[in-house]
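A.B. asks: Dock chain B with the ligands against the given chain A, drawing on the hints supplied.
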Amino acid sequence: MAELTMVQAINLALEQEMEKDDSVHVLGEDVGVDGGVFRVTDGLLKKFGEDRVMDTPLAESAIVGMSVGMAIAGLKPVCELQFSGFSYFAFHQLEGQAARMRWRTRGRYNVPMVCRIPYGGGVRALEHHSESREAYYAHTPGLKMVIPSGPRNARALLVSAMRDPDPVIFFEGKAIYRAFREEVPDEEETIPLGESQIAREGGDLTMITYGAMTHRTLEAAEKLAEEDGIEAEVIDLLSISPLDDEKLSESVRKTGRVVIVHEAHRSFGPGAEIIARINEKSFYYLEAPIQRVTGYDVITPYFAREQDYIPDVARIITGARQAMAD
Amino acid sequence: MPRKKIKLEHSVEYLSILDEKGKPDKDLDPKIDKDTLLRMHRTMLLSRRFDEYQLRWQKQGRIGTFAPAKGQEASQIGSIAAVEDDDWMVPSFRETSVALWRGTPMSGLLLFNAGYNEGGEIPEGQNDLPISIPVASQITEAVGIAYAMKMQKKDRLVVSYFGDGATSEGDFHEALNFSQVFNTPNIFICQNNQWAISVPREQQTESRTLAQKALAYGMPGIQVDGNDPLAVYTATREAAERARKGDGPTLIECVTYRLSVHTTADDPGKYRDEEEEEKWEERDPIPRFQQYLKDRRILRKKDIDALEKEIDDEVKSAWDEVEEQIESLDDPLVMFDHLFEERPAYLEEQRQTMKQYREDNDG
Ligand SMILES: Cc1ncc(C[n+]2csc(CCOP(=O)(O)OP(=O)(O)O)c2C)c(N)n1
Ligand SMILES: [Mg+2]
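Protein sequence lines correspond, in order, to chains A and B.
Quick note on full-length UniProt numbering: the first sequence kicks off at 1 and runs consecutively.
Quick note on full-length UniProt numbering: the second sequence kicks off at 1 and runs consecutively.
Don't read these hints as lab results, they were simulated from the structure.
Possibly wrong hints are sitting among the right ones.
[Stated by the list, open to error] Mimicking DSSO-like on lysine-lysine, the simulated pairs with C-alpha atoms at most 27 Å apart in a straight line are:
1) B:Lys355 <-> A:Lys223
2) B:Lys21 <-> B:Lys294
3) B:Lys355 <-> B:Lys31
4) B:Lys270 <-> A:Lys47
5) B:Lys302 <-> B:Lys21
6) B:Lys301 <-> B:Lys26
7) B:Lys294 <-> B:Lys279
8) B:Lys31 <-> B:Lys21
9) A:Lys46 <-> B:Lys270
[Stated by the list, open to error] Label pairs and their computed distance ranges (CB to CB):
10) A:Gln307 <-> B:Gly125: 31 to 37 Å
11) B:Asp337 <-> A:Arg321: 25 to 31 Å
12) B:Gly125 <-> A:Gly49: 34 to 40 Å
13) B:Leu333 <-> A:Glu287: 30 to 36 Å
For every residue, glycine included, the Cβ atom is placed at its ideal position computed from N, Cα and C.
Just chain A, with the same shape it has in the complex (with noise of 0.2 Å):
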């Protein structure tokens, strides 16, 4: 056990699957020599050699395209992103290729490939260096999409992730990449994909969020508990998609309530997705509206003004409050 960063705690994983299983390489822009321009790859090129990690030209399209190629072949990429603002030079090999090869070839194709993404606001960055565009990975068949809210789930997704036989696209909080540390157990752990974690226990009220939020929605839980008495339930759900139906229900059908938190745009973000589940399928036990705190409809605003774009604790505690009016 050791107390580590989710910086440290990816690399825990990257490190321990590369040992395990000489298939995995690690690829993308400065991933080698300067560890990643997080440091999340750090140490891995002396370790593995530049056959493994590989330090590639600048061209998002084709660290993924090669990515793609490379698990078509058998081999299975964990591919960096810069930052998911930069993405999009490779998204039609993500939705185009990466998402369909199976499909396509009616099976006689997979590919086992994992696509970091340092994503989110928060840390006083550029342009096109904060956004939390989950929405449009999540809304492509094909893919799936998870975001860890801290080291040790990290850790586990991750390696889940890396055996995965399908392409994943994982994302990572800047802003929680080292605000805390956590315990993590150096024994493998993993978590399987689709699967969410109850953060904290409650009847009163389902809080649903994942990633960065995950921290000030759990603040704001607690507050709420103190100054109003009411018992919030924080789901952390891990995996965007697929989506933990079936927590969510099981929550929703106790309590009632239900407010969903997110740093991603409102419309068609993911809390849209999730209130439609809930609707399908437990409409009839709910007792107020559910409620959304996200990020406005607006491109995310330079740093000085960010964290009026980025939902805090007290407008998640407004958010609740509203869930619980009658």
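C.D. replies: Same frame as chain A, but now just chain B with the ligands:
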């Protein structure tokens, strides 16, 4: 004959006019007029000092991440000084010297770096595009603008900037191909500063030069000493003449060096050695240009001293101005502005929600 050679007469010219000590090749000296030379020098020096102040302010948390231009002033000023003020300029994210030459106020650049969208405003009358961070993506826009100039029969060309790393992106290749196919008045300035974050130029591509990438598209490509403002100026001037005559685009590779960090979030100690940096310090474009100007008796030591003082005051007062401006910029509702010409109802509703929320919470 089943097999034969297709003869391709391709070569890339290399141009350098000032040697490392600032002595010009007399035959090649473009004989730029004195006022322009002084303005070039002043802007290079201003850009350098502005970078230095910004590095300090970044460490103090007054501004956020930015990409210094240090070392690349000659590539930037040599090229932009060779085109007209009403030509178009399409930057990437490191063109501080170019921005200053074009008239962008330092306060605007600072405001941008301090995280305010207001800093991205392009001053009226300046045909510049804003900073573009997604590498190489702006090059295709530059081709579109040039095509529009051609269609509208305006005698304007487009200078666009990007780095060595950018030449690996598809957008770079697509842009050059389109430009040549549609014969647009473009000048593509590749600042080969030897590094793309931690990836050295030799690892970016196996091509011997970056200039030769143009040849594949049937476009002339030239490599110049990017730390020699006269060479960059001359190459750009020639490219501009060709573009204005309707003879199409040119790729100019400026061989230069990023003397500073990639951005303030970067640590070059991780991937390059100081020896290399020192070697390039000796080729610093600014002292070299100063020597040339001194030898031509256009600039004296005491002029430089006075200029340094003037620039120092200018940079500091730009910050004072920004500090004052920032105090009036606390309204986050502006994030709802400028998304569309008319704000749709759903967005207005969100704006009102934020407004109400702020009032309720004394925001
Ligand atoms: C499409 C895209 N991918 C990645 C990045 C992150 N990034 C910013 S600058 C840079 C290197 C650029 O190198 P180069 O083109 O040589 O320009 P330089 O920074 O040296 O001026 C990278 C990888 C980005 N901004 N855009
Ligand atoms: Mg470069």
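A.B. asks: Which of the stated hints cannot be reconciled with the structure, identified by number in ascending sequence?
C.D. replies: 3, 12
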